[in-house]
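Model the placement of chain G on the given structure of chain V, informed by the hints.
Protein chains: 2
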Amino acid sequence: MYGLIGKMRAQPGKRDELAAILLKGMDAMPGCLSYVVANDTADTDALWITEVWRDEASHRASLQLPEVQAAIAAGRPLIAGFESQIVTAPLGGVGLQAD
Amino acid sequence: MYGLIGKMRAQPGKRDELAAILLKGMDAMPGCLSYVVANDTADTDALWITEVWRDEASHRASLQLPEVQAAIAAGRPLIAGFESQIVTAPLGGVGLQAD
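If you read the sequences in order, they're chains V and G. In this text, residue positions in the first sequence follow our numbering: the first is 749, and each later residue adds one. In this text, residue positions in the second sequence follow our numbering: the first is 749, and each later residue adds one.
Just chain V, same shape as in the assembly (with noise of 0.2 Å):
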């Protein structure tokens, strides 16, 4: 499995927003296992997503779906910066979707 665990600054104010589209219509990703969007309780423009793909050839391929694209599209303005992007490989655990 390919894991990512990033973190995402929303501009200022515009968190909630931005999670509400990074939420909408992400059911339709081959390959995705588990994506959580979570707000950072310490810190009030900050996002976290994590992500279980089955492999990282899914996670490239859902960049390229049409509703990612027009998530990444709408999104993009309220992004003030990305912070700690770790990969992982995940092992195993709780709430891993069936593919």
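Treat the hints loosely; a few may be bogus.
Same chains, same label: a pair holds when it works inside one copy or across any pair of copies.
Derived EDC-like pairs: lysine to aspartate or glutamate, alpha-carbon spacing no greater than 20 Å straight-line [what the hints assert, rightly or not]:
| hint | residue 1 | residue 2 |
| --- | --- | --- |
| 1 | Lys-755 | Glu-831 |
| 2 | Lys-772 | Glu-815 |
| 3 | Lys-762 | Asp-803 |
| 4 | Lys-762 | Glu-804 |
| 5 | Lys-755 | Glu-765 |
| 6 | Lys-772 | Asp-791 |
| 7 | Lys-762 | Asp-791 |
| 8 | Lys-762 | Asp-793 |
| 9 | Lys-762 | Asp-788 |
| 10 | Lys-762 | Glu-831 |
| 11 | Lys-755 | Asp-788 |
Simulated from the structure, these hints should not be mistaken for laboratory data.
Same frame as chain V, but now just chain G:
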């Protein structure tokens, strides 16, 4: 929802053993919506544990479960330390197991 993103450092060479302990017997945790154990691909002794719980009380209660207590006891000697523990408020996503 209540989330945790934590980086744990295993004693040198003990990551696989520690991960196996963390992955064992985690199915019976009430209120656990997601729990993923992952290797850090850039740091050979580091594990990332990403968790989503129904609420903070569910997480706290899980620490008292006999299986979890046993895992903590078995894992403790293999842990060199904890690095970055982020508390999040998950908003939604894919792979959040029904409670």
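Here is what the structure says about each hint:
Within a single copy, Lys-755 and Glu-831 get their C-alpha atoms as close as 5 Å, and across copies as close as 16 Å, so both meet the 20 Å cut-off. Taking the closest pair of Cα atoms, Lys-772 and Glu-815 come within 20 Å of each other only inside a single copy of the chain (9 Å); across copies the shortest separation is 37 Å, beyond that limit. Taking the shortest alpha-carbon separations for Lys-762 and Asp-803, neither the intra-copy value of 31 Å nor the inter-copy value of 25 Å comes in at or below 20 Å. Taking the shortest Cα distances, Lys-762 and Glu-804 never come within 20 Å of each other, neither inside one copy (30 Å) nor across copies (26 Å).
For the identical chains of this complex, Lys-755 and Glu-765 are intra-copy neighbours only, at 16 Å inside a copy versus 28 Å across copies, given an alpha-carbon limit of 20 Å. Taking CA atoms no more than 20 Å apart as the test, Lys-772 paired with Asp-791 passes in neither setting, with 23 Å inside one copy and 33 Å between copies. Taking identical chains as interchangeable, the C-alpha atoms of Lys-762 and Asp-791 lie at most 20 Å apart only when both belong to the same chain, with a minimum of 13 Å there against 33 Å between chains. Only within a single protomer do Lys-762 and Asp-793 lie at most 20 Å apart by alpha-carbon distance; the minimum there is 7 Å, versus 37 Å between protomers.
For the identical chains of this complex, Lys-762 and Asp-788 are intra-copy neighbours only, at 14 Å inside a copy versus 30 Å across copies, given an alpha-carbon limit of 20 Å. In the homo-oligomer, the alpha carbons of Lys-762 and Glu-831 lie at most 20 Å apart inside one protomer (16 Å), although the nearest pairing across protomers, at 29 Å, exceeds that limit. Proximity of Lys-755 to Asp-788 under the C-alpha cut-off of 20 Å is found in both arrangements, the shortest distances being 9 Å within a copy and 16 Å between copies.
Checked against the numbered hints given earlier, the structure breaks hints 3, 4 and 6 and satisfies all the rest.
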